[in-house]
Amino acid sequence: MMHNGGEHITSVIFGLDPTWLAVSILLVVYALIMMERFNRAVLSLLGAGLMILCGVLTQQQALAGVDFNTIGLLTGMMVIVAISQKTGMFQYVAIKAAKSVKGSPWGILVMLSVVTAVFSAFLDNVTTVLLIAPVTLLITDALGVRPYPYLFAQILASNIGGTATLIGDPPNIMIGSAANLSFYDFLVNLTPITPVIFAVILLAIWFMFGRDLHASDEHKALVMRFDENEAIKNVPLLKKCLSVLFLVIAGFTVAHSFHLEPASIAMFGAAVLLLLQTLGQPLHEKDHAYEGIMAEVEWTTIFFFVGLFIVVTGVEHTGVIEMLANKTLELTGGDFNATAAAILWVSAIASALIDNIPFVATMIPLIHSMAPTFGGPEALVPLWWALALGACLGGNGSLIGASANLIVAGFAQRAGHPIMFLVFMKHAFGLMLLSIVISHLYLYFRYLS
Amino acid sequence: MLVKTVMVTKAVTAHQDEPVAVVLDRMRESGLRMIPVINADRNVVGVISTYTVLEKVVPSYIVSGDLHQISYAPDMGILRRNYDEIAGIKASEIMDEKPLTVHQDESLLSVTAAMITYTKHEYAVVIDEQHHLLGIVSAGDILDRLKRKAQGGDDA
Chain A
1 MMHNGGEHIT SVIFGLDPTW LAVSILLVVY ALIMMERFNR AVLSLLGAGL
51 MILCGVLTQQ QALAGVDFNT IGLLTGMMVI VAISQKTGMF QYVAIKAAKS
101 VKGSPWGILV MLSVVTAVFS AFLDNVTTVL LIAPVTLLIT DALGVRPYPY
151 LFAQILASNI GGTATLIGDP PNIMIGSAAN LSFYDFLVNL TPITPVIFAV
201 ILLAIWFMFG RDLHASDEHK ALVMRFDENE AIKNVPLLKK CLSVLFLVIA
251 GFTVAHSFHL EPASIAMFGA AVLLLLQTLG QPLHEKDHAY EGIMAEVEWT
301 TIFFFVGLFI VVTGVEHTGV IEMLANKTLE LTGGDFNATA AAILWVSAIA
351 SALIDNIPFV ATMIPLIHSM APTFGGPEAL VPLWWALALG ACLGGNGSLI
401 GASANLIVAG FAQRAGHPIM FLVFMKHAFG LMLLSIVISH LYLYFRYLS
Chain B
1 MLVKTVMVTK AVTAHQDEPV AVVLDRMRES GLRMIPVINA DRNVVGVIST
51 YTVLEKVVPS YIVSGDLHQI SYAPDMGILR RNYDEIAGIK ASEIMDEKPL
101 TVHQDESLLS VTAAMITYTK HEYAVVIDEQ HHLLGIVSAG DILDRLKRKA
151 QGGDDA
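Chains A and B, in that order, are what the protein sequence lines are. The numbering used here puts the first residue of the first sequence at 1, with every later residue one more than the last. The numbering used here puts the first residue of the second sequence at 1, with every later residue one more than the last.
Everything labelled a hint here was simulated from the structure, so no lab data went into it. Mixed in with the good hints, there may be bad ones.
Think about it this way: if two alpha-carbon atoms lie no more than 20 Å apart in a straight line, the pair counts; the simulated SDA-like pairs of lysine to any residue are [what the hints assert, rightly or not]: (1) A:LYS96 x B:GLN69; (2) B:LYS56 x A:PRO418; (3) A:LYS220 x B:MET76; (4) A:LYS220 x B:GLY77; (5) A:LYS86 x A:GLU230; (6) B:LYS56 x A:GLY416; (7) A:LYS96 x B:ARG42; (8) B:LYS10 x B:ARG42; (9) A:LYS96 x B:PRO74.
So here's chain A without its partners, still in its complex pose (with noise of 0.2 Å):
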């Protein structure tokens, strides 16, 4: 993905200087999906639309740009949620887990929000918690408590279980494609942090919340009544799914050895998936339920990240973000501690403002073109690791960090519980930051020291 500066721009458009017509249409693309009035899919296309109609770059460098790893990596694994969430799976895994801890309420808190990282380390965080937050609602108007301590705490562990594994979170997704980062390399050294900021946190939301929790008797007897079998309506269905993500997830961690990317393992599993869910079904029952699936993908978002990579490309094809990285550089001295220390906390101070998804966008090919810098990309690894948990972890910091927390936002408003921002902030953006001071430590003592 690296190009130097502005030599394969021939014409552009009226004579003008075609960096700064790339960097415009960047700006006003990312102003635009900050504003939240225009759907950000209908933003990045028309963006990308125009470098190539303004001449910054030819549609075929345009498709070069667009990572179709990441692309198909988001697709199948959408696909293979699409048919999971089906089976009630989610909600049993949520209604045992709730019952194992006796209907006590901090317990279920406890619980449920493992169950929310664990789901989202290997799910989209959005599938994650349109799945869970529902049933929280249900069982904390069991347990006759206020739904929103659960909320909270779900939505800060399901955009930490995200940062855990290469398929969490769409940010890890595109750094891992980028930098030839593999799902064992993510489990090696993102994985192991993750459940130590997650059990920080949960200590610090019994500080705020936890300890304020009670529940009578007969509300823990009425969670306890719950029937997770009765949640699973089709297990063979459900055997398909379980073995499909496990050959999946089994496919990802050895994936690399066989030089094997992650696309084509959740591609093939998707595909596998497809034909299972019909098997034995008559035709045109058959076609019905490929298109209800495929109309679950979310195409939106998929049409965002070709939108979004091409923008990013007409950027790069100028060398502006050559140069944006050697100012980095100069700011931190060219010294690796500072600039790993940088990008972790610019990204998660930007992530809890800014949609992550074009920040690491931006930020992938400005790390990349450090690489002469310190060494070749080999040694930019650990920089890779700072923009993961900075740009995963940060969403935490606003409601508007990350889809998620507004998906469980809007939950809560339509139950009559409504998360405020500011209050959302006040609780959470202390976290964030102290989930950031953790992620400084670990980096430093494991890969700067």
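Guided by the hints, dock chain B onto chain A, whose structure is given.
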């Protein structure tokens, strides 16, 4: 056929400030499943149906459909509790503010089309230019009229 030949003009109504429980009693007494809600000037401001009330009694996280099914949950008394909460509030707070409204000179064809296509409501509220209530057209009234016509009854 036009709406005015079928509509019931002496419609039972609810006032926007009446409590929901009172409105439900009136609907039961009159055998109605839907009642127009009016203000002091007899302008139609909304409608309440048994379905509208039931929808408010079921928790929103269930209505949203994201739970797919909840047969695993015990009866938690949620419905009863939510009903108690809304029984005393004003009709205007839970009414459907955008009922299907039609004018008396519209054709029955267009009214039935709107009932089926847009609202899935069994009723349309007939209003004049100033939004005053003129009457109600129900699916049952329309079918009755069609039946009478088929049997060689009066023609509108």
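Quick rundown of the hints versus the structure:
no. : hint               : in the structure
1   : A:LYS96 x B:GLN69  : holds, 16 Å
2   : B:LYS56 x A:PRO418 : holds, 17 Å
3   : A:LYS220 x B:MET76 : holds, 12 Å
4   : A:LYS220 x B:GLY77 : holds, 14 Å
5   : A:LYS86 x A:GLU230 : holds, 13 Å
6   : B:LYS56 x A:GLY416 : holds, 12 Å
7   : A:LYS96 x B:ARG42  : violated, 54 Å
8   : B:LYS10 x B:ARG42  : holds, 13 Å
9   : A:LYS96 x B:PRO74  : holds, 14 Å
Checked against the numbered hints given earlier, this structure breaks only hint 7.
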